[in-house]
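All chains should be modelled from the sequences, with the hints used to inform the complete structure.
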Amino acid sequence: MSILVVAEHDNNAIKAPTLVAVAAAEEIGGNIEVLVAGSNCNGAGEAAAAVKGVSKVLVADNEAFDHQLAENIADLVAAIGKDYSHILTPTTTSGKNFMPRVAALLDVAQISDISGVVSEDTFERPIYAGNAIATVQSSDPIKVMTVRGTAFDGVAAEGGNAEMVSVDIVCDPGLSSWDKDEIAKLERPELTSANIIISGGRGMQNGENFALLESVADKLGAAMGASRAAVDAGFVPNDMQVGQTGKIVAPDLYIAVGISGAIQHLAGMKDSRVIVAINKDVDAPIFQVADYGLVADLFKAVPEFDSLLSE
Amino acid sequence: MKVLVTAKRVVDFNVNIRVLSDNTGVDLNNVKMSVNPFDEIAIEEAVRLKEAGKVEEVIVVSVGTSACQEQIRTALALGADRGILVETEEEMQPLGIARLLNAIVEKESPGLVILGKQAIDGDNSQTGPMLAAIAGMSQATFASQLEVGDGTATVTREVDGGLETITVKLPAVITTDLRLNEPRYASLPNIMKARRKQVDIYTPEDLAVDVAPRIKTLKVEPPPVRQAGVIVETVEELVDKLKNEAKVIT
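Top to bottom, those sequences are chains A and B. Per the numbering used here, the first sequence starts with residue 665, numbered consecutively. Per the numbering used here, the second sequence starts with residue 2, numbered consecutively.
If you are wondering where the hints come from, they were derived from the structure by calculation, not from laboratory data. Among the hints, a few may not be true.
What the hints assert, rightly or not - Distance condition first, Cα-Cα at most 20 Å in a straight line; then the derived DMTMM-like pairs of lysine to aspartate or glutamate:
id	chain 1	residue 1	chain 2	residue 2
1	B	K248	A	D916
2	B	K217	B	E90
3	B	K217	A	D771
4	A	K964	B	D241
5	B	K220	B	D124
6	A	K964	B	D124
7	A	K964	B	D201
8	B	K217	A	D785
9	B	K217	A	E784
10	B	K244	A	D916
11	B	K242	A	E975
12	B	K248	A	E975
13	B	K170	A	D730
14	B	K220	A	D970
15	A	K964	B	E238
16	A	K944	B	E234
17	B	K248	A	D882
18	A	K944	B	E237
19	B	K244	A	E975
20	B	K108	B	D201
21	B	K220	A	D804
22	B	K244	A	D970
23	B	K217	A	D804
24	A	K883	B	D124
25	B	K242	A	E968
26	A	K883	B	E237
27	B	K244	A	D730
28	B	K242	A	D916
Said to hold, decoys possible - To spell it out: a stretch of chain B is covered by chain A in this simulated footprint if at least three of its residues, at any positions, have a beta carbon under 8 Å from a beta carbon of chain A; those stretches are:
id	segment
29	14-22
30	90-102
31	116-129
32	161-171
33	216-229
What the hints assert, rightly or not - Per the computed footprint, the stretches of chain A lying under chain B, defined by three or more beta-carbons under 8 Å from a beta-carbon of chain B, are:
id	segment
34	710-717
35	746-759
36	820-829
37	913-927
38	954-965
Built from N, CA and C at the ideal position, the CB exists for glycine as well.
This is how it looks when you write it as structure tokens:
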């Protein structure tokens, strides 16, 4: 068996979910190769070659692969991937964008967001916002899959010494073009790789009040998240959303502030190791999953929490 | 220009689903069924494009049993002009649905196909890009803003780091994210009017599409249950527990 992992990267370095996809590939077992497709992406290629357990890195370095346009990347992955038994990529907005296109081009099904490997053709995946876990078996010759970022421990980013091979295939059907990014500048850890996350919900009342959480986040080195209600209300931008349709996270500590705990929010964070809920409504469903619940007015409790951390 | 939209029949988002005790699936008996919420956003966007004079006709498609007519009627009441049901008793998977939609695209030649980014039952998030690949169309997934121009569409997409704007050539497949719009409620006169709108019914055989499932579900189980912990009385107690019991902060 030969497994192709399509790397998520920023041309200079590979991103943490890629290491998780490699970990899933190791559980399947077999020869693991990584594809880095980008523009001026040699740095990311070298980083992929250093990843433990990777035997070969294919680098497709061309302007056509800048910004990971789905049409271009999918054509490339389908052209290369037809010789592999499995094609994996992390379940990120990029992976979710191009991977189903790859599957359709190869005329195979996709298995989305796998959370467990049972055998080379059988996998577990959450359905109904994680309220059920399905075990599914693929009868296709190539298994095309996305890998849930919280379900496997990522492999070591160092310790490997893979061979690097450049790929000369250029795919650009000219169907789409990139205009601009509005990417939030992160002064804090990324949500999907943070050890501690503090999230605010509708109870924060407005965007300015998130400053209360920022102060705590700075002291704990935490990432900042939000519920869908807070994002929909315009308090904070979409990239902070944790939940079924936002980011799936599983930090060591998740602090939910003013979040009631709708099913779709729980779907995104209930695999966290320790959950803290601060909410003034004693009946809020978040308390049913919280390890430590504090029934209190967040506008009093959070500043107090903050000042105790400073001591 | 025509727009094709989808209306998948799914368990209503308010229902707490229950896994069947024989682990064959999820209990769908006497459960409220609705249009997939992301498809509702797709329908709303198409109707707004029509109201803005950018498109002439909105066609809604559903794939599944005859019960899916209910979801088609809902979409017609929201402003879609006519419906197409691809009727089948077979378990439908994204690749099969994408192929059926491609057959409808070949019949209708829409300038845009707008679908939900995912359905809230299977959470697969596959059908839109699969259709785009099969039909050789451009795609813009997770749209939070859509502007239709002359032969192109400019789409703002919700991505992990924030927002990305791309321009796609028409015909294009668009999948909707939550913040694209807020769907309207159907008015009673529109619900009455929807009853008289045309709905064509095909089978996968009529469309000459192989929809055989490629994935077999071996079992469905409830997720591990997380036990509720303790309620602490004070912030001091909380900080103490986090430091000394859970040891997650120092």
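Each hint tested on the structure:
{"no.": "1", "hint": "B:K248 / A:D916", "verdict": "10 Å, holds"}
{"no.": "2", "hint": "B:K217 / B:E90", "verdict": "16 Å, holds"}
{"no.": "3", "hint": "B:K217 / A:D771", "verdict": "17 Å, holds"}
{"no.": "4", "hint": "A:K964 / B:D241", "verdict": "18 Å, holds"}
{"no.": "5", "hint": "B:K220 / B:D124", "verdict": "17 Å, holds"}
{"no.": "6", "hint": "A:K964 / B:D124", "verdict": "38 Å, violated"}
{"no.": "7", "hint": "A:K964 / B:D201", "verdict": "60 Å, violated"}
{"no.": "8", "hint": "B:K217 / A:D785", "verdict": "10 Å, holds"}
{"no.": "9", "hint": "B:K217 / A:E784", "verdict": "14 Å, holds"}
{"no.": "10", "hint": "B:K244 / A:D916", "verdict": "13 Å, holds"}
{"no.": "11", "hint": "B:K242 / A:E975", "verdict": "16 Å, holds"}
{"no.": "12", "hint": "B:K248 / A:E975", "verdict": "17 Å, holds"}
{"no.": "13", "hint": "B:K170 / A:D730", "verdict": "18 Å, holds"}
{"no.": "14", "hint": "B:K220 / A:D970", "verdict": "46 Å, violated"}
{"no.": "15", "hint": "A:K964 / B:E238", "verdict": "15 Å, holds"}
{"no.": "16", "hint": "A:K944 / B:E234", "verdict": "12 Å, holds"}
{"no.": "17", "hint": "B:K248 / A:D882", "verdict": "19 Å, holds"}
{"no.": "18", "hint": "A:K944 / B:E237", "verdict": "17 Å, holds"}
{"no.": "19", "hint": "B:K244 / A:E975", "verdict": "13 Å, holds"}
{"no.": "20", "hint": "B:K108 / B:D201", "verdict": "12 Å, holds"}
{"no.": "21", "hint": "B:K220 / A:D804", "verdict": "19 Å, holds"}
{"no.": "22", "hint": "B:K244 / A:D970", "verdict": "14 Å, holds"}
{"no.": "23", "hint": "B:K217 / A:D804", "verdict": "11 Å, holds"}
{"no.": "24", "hint": "A:K883 / B:D124", "verdict": "36 Å, violated"}
{"no.": "25", "hint": "B:K242 / A:E968", "verdict": "15 Å, holds"}
{"no.": "26", "hint": "A:K883 / B:E237", "verdict": "16 Å, holds"}
{"no.": "27", "hint": "B:K244 / A:D730", "verdict": "45 Å, violated"}
{"no.": "28", "hint": "B:K242 / A:D916", "verdict": "14 Å, holds"}
{"no.": "29", "hint": "14-22", "verdict": "holds (count 4)"}
{"no.": "30", "hint": "90-102", "verdict": "holds (count 4)"}
{"no.": "31", "hint": "116-129", "verdict": "holds (count 11)"}
{"no.": "32", "hint": "161-171", "verdict": "holds (count 10)"}
{"no.": "33", "hint": "216-229", "verdict": "holds (count 11)"}
{"no.": "34", "hint": "710-717", "verdict": "violated (count 0)"}
{"no.": "35", "hint": "746-759", "verdict": "holds (count 3)"}
{"no.": "36", "hint": "820-829", "verdict": "violated (count 0)"}
{"no.": "37", "hint": "913-927", "verdict": "holds (count 3)"}
{"no.": "38", "hint": "954-965", "verdict": "holds (count 8)"}
In summary, the structure is inconsistent with hints 6, 7, 14, 24, 27, 34 and 36 from the numbered list given earlier, while agreeing with the others.
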